[in-house]
Amino acid sequence: MSLLKRFTAGVLLASLAALAPAGAATAQTVVGVTATEIKIGHTNPYSGNASAYGTIGKTIAAYFKKVNDEGGVNGRKINFISYDDGYSPPKTVEMVRKLVEQDQVAFVFQTLGTPPNTAIQKYLNQQKVPQLFVATGATKWNDPKNFPWTMGYQPNYQTEGRVYAAYALSHVKDAKIGILYQNDDYGKDYLKGFEDGLGDAKKQIVMKQTYEVTDPTIDSQIVNLKNSGANVFFNITTPKFAAQAIKKAHEIGWKPLHFLNNVSSSLGTVLKPAGLDASRDLITALYMKEVTDPQWRNDKGFQDWVAFMKKYYPDGALDDQANGFGYNVAILMTQVLKQCGNDFSRENIMKQAASVKNFELPLLLPGIKVNTSPTDFAPIEQEQLAKFDGEKWALFGEVIEAVRK
Amino acid sequence: MAADSGAAAKAAEGGADAPAAARTAAAARSLRLGAVLVVLVLAAALPLFVSGFRLFQFTQVLIYAIALLGLNLLTGYNGQFSLGHGAFYGIGAYTSAIMVDRWGIGYGWTIPTAGLVCLIVGFLFGRPALRLEGLYLALATFSLALAVPQILKYFEDWTGGSQGIVLSKPKAPLHLPLTEDQWLYFLTLAVTIVLFVLAANLLGGRTGRAIVAIRDNHIAAEAMGVNNALYKSVTFGVSAAYTGIAGALSAIVVAYVAPDSFDVFLSITLLTGIVIGGFGTIAGPIYGALFIQFVPNWAQDISKAAPWAIFGLFLIGFMYVMPRGIAGFLQLVWIRLTRRAVSRSSNST
Numbered sequence: 000m001s002l003l004k005r006f007t008a009g010v011l012l013a014s015l016a017a018l019a020p021a022g023a024a025t026a027q028t029v030v031g032v033t034a035t036e037i038k039i040g041h042t043n044p045y046s047g048n049a050s051a052y053g054t055i056g057k058t059i060a061a062y063f064k065k066v067n068d069e070g071g072v073n074g075r076k077i078n079f080i081s082y083d084d085g086y087s088p089p090k091t092v093e094m095v096r097k098l099v100e101q102d103q104v105a106f107v108f109q110t111l112g113t114p115p116n117t118a119i120q121k122y123l124n125q126q127k128v129p130q131l132f133v134a135t136g137a138t139k140w141n142d143p144k145n146f147p148w149t150m151g152y153q154p155n156y157q158t159e160g161r162v163y164a165a166y167a168l169s170h171v172k173d174a175k176i177g178i179l180y181q182n183d184d185y186g187k188d189y190l191k192g193f194e195d196g197l198g199d200a201k202k203q204i205v206m207k208q209t210y211e212v213t214d215p216t217i218d219s220q221i222v223n224l225k226n227s228g229a230n231v232f233f234n235i236t237t238p239k240f241a242a243q244a245i246k247k248a249h250e251i252g253w254k255p256l257h258f259l260n261n262v263s264s265s266l267g268t269v270l271k272p273a274g275l276d277a278s279r280d281l282i283t284a285l286y287m288k289e290v291t292d293p294q295w296r297n298d299k300g301f302q303d304w305v306a307f308m309k310k311y312y313p314d315g316a317l318d319d320q321a322n323g324f325g326y327n328v329a330i331l332m333t334q335v336l337k338q339c340g341n342d343f344s345r346e347n348i349m350k351q352a353a354s355v356k357n358f359e360l361p362l363l364l365p366g367i368k369v370n371t372s373p374t375d376f377a378p379i380e381q382e383q384l385a386k387f388d389g390e391k392w393a394l395f396g397e398v399i400e401a402v403r404k
Numbered sequence: 000m001a002a003d004s005g006a007a008a009k010a011a012e013g014g015a016d017a018p019a020a021a022r023t024a025a026a027a028r029s030l031r032l033g034a035v036l037v038v039l040v041l042a043a044a045l046p047l048f049v050s051g052f053r054l055f056q057f058t059q060v061l062i063y064a065i066a067l068l069g070l071n072l073l074t075g076y077n078g079q080f081s082l083g084h085g086a087f088y089g090i091g092a093y094t095s096a097i098m099v100d101r102w103g104i105g106y107g108w109t110i111p112t113a114g115l116v117c118l119i120v121g122f123l124f125g126r127p128a129l130r131l132e133g134l135y136l137a138l139a140t141f142s143l144a145l146a147v148p149q150i151l152k153y154f155e156d157w158t159g160g161s162q163g164i165v166l167s168k169p170k171a172p173l174h175l176p177l178t179e180d181q182w183l184y185f186l187t188l189a190v191t192i193v194l195f196v197l198a199a200n201l202l203g204g205r206t207g208r209a210i211v212a213i214r215d216n217h218i219a220a221e222a223m224g225v226n227n228a229l230y231k232s233v234t235f236g237v238s239a240a241y242t243g244i245a246g247a248l249s250a251i252v253v254a255y256v257a258p259d260s261f262d263v264f265l266s267i268t269l270l271t272g273i274v275i276g277g278f279g280t281i282a283g284p285i286y287g288a289l290f291i292q293f294v295p296n297w298a299q300d301i302s303k304a305a306p307w308a309i310f311g312l313f314l315i316g317f318m319y320v321m322p323r324g325i326a327g328f329l330q331l332v333w334i335r336l337t338r339r340a341v342s343r344s345s346n347s348t
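Keeping their order, the protein sequence lines are chains W and P.
For what it's worth, numbering that gives the first Met the number 0 labels the leading residue of the first sequence as 0, then goes sequentially.
For what it's worth, numbering that gives the first Met the number 0 labels the leading residue of the second sequence as 0, then goes sequentially.
This is chain P alone, in the form it adopts within the complex (with noise of 0.2 Å):
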């Protein structure tokens, strides 16, 4: 929402001076490039300062940015509400251990195959959730949060019951120097880089349009012929397919499944992360995913009695401070120092 009103401003200021307009945008884009390509170095030269312990962290943001994009999508760009991500992310991770451990199919494969079989999964639940509007919706879906962990230990001889699945952690290919910590870090950067390009890609062009305009109206949506029914459980597809491939990773990384890592109370957390790390913005699913990685950490260091009272803290005061999000409000920033710099630029020609 963020980035659609941040254009749209910049459109209409547009009308007034187009030239200046379009060198602004452009200026802007090359800025923003910049900045990402800053970020993707910072992120790969990583390990060279962190390892261990810390690097698995990082690895577990990257997974949760993962699976907060597809939540994102599904939520913050076409307003569907979901209470139920938890599910499609034990559902990747149950996927992927099933097929290493059961079945003895390299790790590699798995992480595509559970995206696939989330997207099956999603699109299919989606079809009668059409019918269920906000509240109702994340009601079903919240249902499907409940429902999972005890399915999985209904099927006790494919998902090892409650005891879970315990799985190796995957080596290094190909003699690489890595440890393991490191290379399943660069694995899930390199899974991350592409899910994250993929979604600016689709929400860029026509669909991604389409997405937006049916949550922003649906009637008025239809009227332009989207295909309402068809765009919506294709994207809650696509969201649940993402955090299944989240799920996946998490499970390789862990090196474990259990009912018990996939309870109602990560759904909730996923909810939160996208509403912290800015509602309907590419960016926001990664600084959502370090607030609920490193958060909660935090609040247990200053506080051993109450540390979900000082998350709670935490989660007013952001929300207060910041109440579109840390990209929201990292945007704005972005938008005062951008227009000041142009307009100072442009004094001076």
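This is chain W alone, in the form it adopts within the complex (with noise of 0.2 Å):
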């Protein structure tokens, strides 16, 4: 008898004390996480465009499929939910809100894109659903005060562009400085940085040249820049039109200390299609280890990466530095789940979110760390600068603290 009235007293307590933090969380909002599931929602272009940046998506997903298989997080399976906007900001309100409204999900993840971010942003923020580690270099993430439920992840562009200002600013006497940008938010946001931290050396600037994202090809205008006279070249291109800037500059002797956007810093999609020869002296701030790069064979970190690579996702490119991206975004996003413990209200996936500290990812270069703070939105703000030495990037100076002015 006694017996029997322990063992109720001690289910009562048990579920007492089940409840009491399920009551705690019900008074916040939780939806789209039970006690076998969380769901998880994105979009990110399958198709258009921008389809290249679709393999990221599908990494994240056989990320969170390893989860699973090792046992999920806190007991509960990860339902990722990912939808393909194409790139076009109206299917990505239609897909975010089917997410929100119909899938029910937690929170939006990594959601690709300055514009189909843009175009998000205020809804999830009004209706109090966290945008987390949104995949875009645009400064705008990081404004805790005005959208609290929105957060970035990597190192905008107008740091890295302050980070190049500053090296040619005390490297070169009498720089004259040619700049080849892409005409839209991502080559403005990275010249703004640039010319910032020139500030007055702003002057200095001999050539600005443009091309669009259709243009077929830009060797007019690495030849104007060199007629030019500069002597600092910051090459502001995507992949396919850094490839060719290199290739250019190289063919017509022209040799400006030659600043290389991080965007475009594989080896594999990049610097061989140009020629290693020709990328030689090449200098540019990294903040990940370059897959392609020889020097990091036998770390630890790119070792887990193929290895995971080769059994979730096989068919994943090794040469892509968008599949390193999405493994340590993922690995990232599953930490601060960790976090939240047995609470998956959305405001403590937020407060989570806000409070990472120190933490390492495995594609990240050695002594960078992610850091975020309720006042401070931006998780990755730290970049070391390279240069290339024919074979690999060499790695030199500090990790720079490029900490948002």
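Hints in this document: simulated from the structure, not taken from any laboratory.
Take the hints with a grain of salt, since some may be wrong.
Here are the simulated lysine to any residue pairs, SDA-like style, with alpha carbons at most 20 Å apart [to be verified]: (1) W/K191 <-> P/D156; (2) W/K121 <-> P/G160; (3) P/K303 <-> W/G53; (4) W/K191 <-> P/E155; (5) W/K38 <-> P/F52; (6) W/K121 <-> P/K170; (7) P/K303 <-> W/Y311; (8) W/K64 <-> W/D314; (9) W/K127 <-> P/S50.
In this text, all values refer to a predicted model and were calculated from it rather than measured experimentally.
The task is to assemble the complex, starting from two chains supplied on their own in separate frames and drawing on the hints.
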């Protein structure tokens, strides 16, 4: 009898204990999370002009499958729902509303592109749905005061531009600067950071050239830049054009101090097509390990990634940096979910995303760590300069704390 | 085209038995009116059954229907091909967004203004384009579709460049107990009805006959005293105005505009819509709009790996089964059914 009594009391206590946090959580908003499942929403351009980025979504899906195979997060399996938005903002709005209103996801994660994210930012903040780790390098995502439900991920373009400006000013006397940039927000964001970094030295820019994504070649722009007499060249181009620019500059014998933006720092898709010899002495700022760079071949993080790719995403290319990118960000997301413990209210998910401390990701450069706080919604803010030595990116100098001013 | 040949066939039958044919026509007309009323009632009642994101999708269907009707006026009825109507859609959307965001004008005013702006742009573009026929005109309009997104980026002070312009969703006026989605749905529905009635009136009268005559044989039309040049450029203008109004509504409903929203693919999607819906029919744009809104989503549900391949299969399937579009197919079914019903009733009397 007493045994039974004790048993009943135990059950009562246990159920009370189980109920208490649940009761506290429902006072806040728990959507998309049950005792066995966490629903995450995502959009990606699997079709259209930007479909090269579609592989990021596939890598993330593959990583969450790995997490689920290993038992999930805090006993819950991740249900990753990903839709194609074709990089078209109205479609992103439609798909994200579907995710929030019909699929009832807990939050939206890694939506890709500046215009698509801009289109959904207001809606998600009004609905108080977290919009986590968006895949865009624009500067505006770190704005917790006005958009407390939106958080960026990668270092932004403006900071990177400032890093190059500082280097040029301290290393080249009588710098005459030539710039080639893609005529859109990405190009202009880099340009702004670079010009801000130059400050008064802005008048040393002797020529700015632009191109459109749809242009077949940029050869004439490079010839113009050479003829302008520039001895510093900031190359703000996407991979295909970056390879053309490096090759053309080499062919016509133009040897400026050549800054190549991080967007195009891949050995596999840019430097090799351009020619490794032509690429010698390029300078870039990195925050990730280049997956095609031979110096990481024996690195633990890199090897883990390769093993993961072979097992969970065998179709994915091992020379595509985007697959490394997706791997990193999926690991960060998993970490935030782990930090949530048993409280998966939207408030707590946001709170945990904003309290990541010195977290290392396998494909970040050594020494670069993820840090967020309630006033800092820019997870990765460190970069390191590297010079191409004909074979690999040779890192030099310190890790730069590229905090937004 | 389908409507006209159907009517012609009926008229030919009428030669044999005039009163019966008149009765048939009257019966068919009242049946058709009934069908339209049923659709209208269903459309008005839709917010009772669906909400939120579904309603947003249907609002987009209505917007597409307006744009498709505009394109159908030009391509289906007047025989001028356009691969550039996405450009007018974009111009309309930006007209609305700039007026609301930069000048603080009420969004309601931006809808007719967008129509007017596109009417003028379309008319002016239509004048020189008159010299171009068929494929050449298609190419000229295609260049417009290519150019507009870049031009939008160029005037950054007004358009916000490639970052676009973020708008606020309007609330229902006069304290109507409607959500934002419901209000925007009813607003769009009202605009849609007005524009469809206007188009039906335009096409049913003298002007409509002139527009169609130019398509069927422009030399004969000219000989009958139709001013080809004027009619063609006015049709171009009106068509652009319709599409521009659709664009303005989309800016208000999506609450965001960016050059990426109005790329070449949009123009091609619109052309797909009128062909699938039914070339040269009034109802076609509605079916076409349903198609271009929902079929890509279904394709994605069927296969994540190759949604556009699935979409392509749908497209081929539809064209194979319904070579004159959904509207043409339904018309055929309709004629068969009514003819059988009428012959049965005339046998019994």
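Against the structure, the hints come out as follows:
| no. | hint | verdict |
| --- | --- | --- |
| 1 | W/K191 <-> P/D156 | holds, 16 Å |
| 2 | W/K121 <-> P/G160 | holds, 19 Å |
| 3 | P/K303 <-> W/G53 | holds, 11 Å |
| 4 | W/K191 <-> P/E155 | holds, 15 Å |
| 5 | W/K38 <-> P/F52 | holds, 18 Å |
| 6 | W/K121 <-> P/K170 | holds, 15 Å |
| 7 | P/K303 <-> W/Y311 | holds, 17 Å |
| 8 | W/K64 <-> W/D314 | holds, 15 Å |
| 9 | W/K127 <-> P/S50 | holds, 19 Å |
Hint compliance for this structure: every hint is met.
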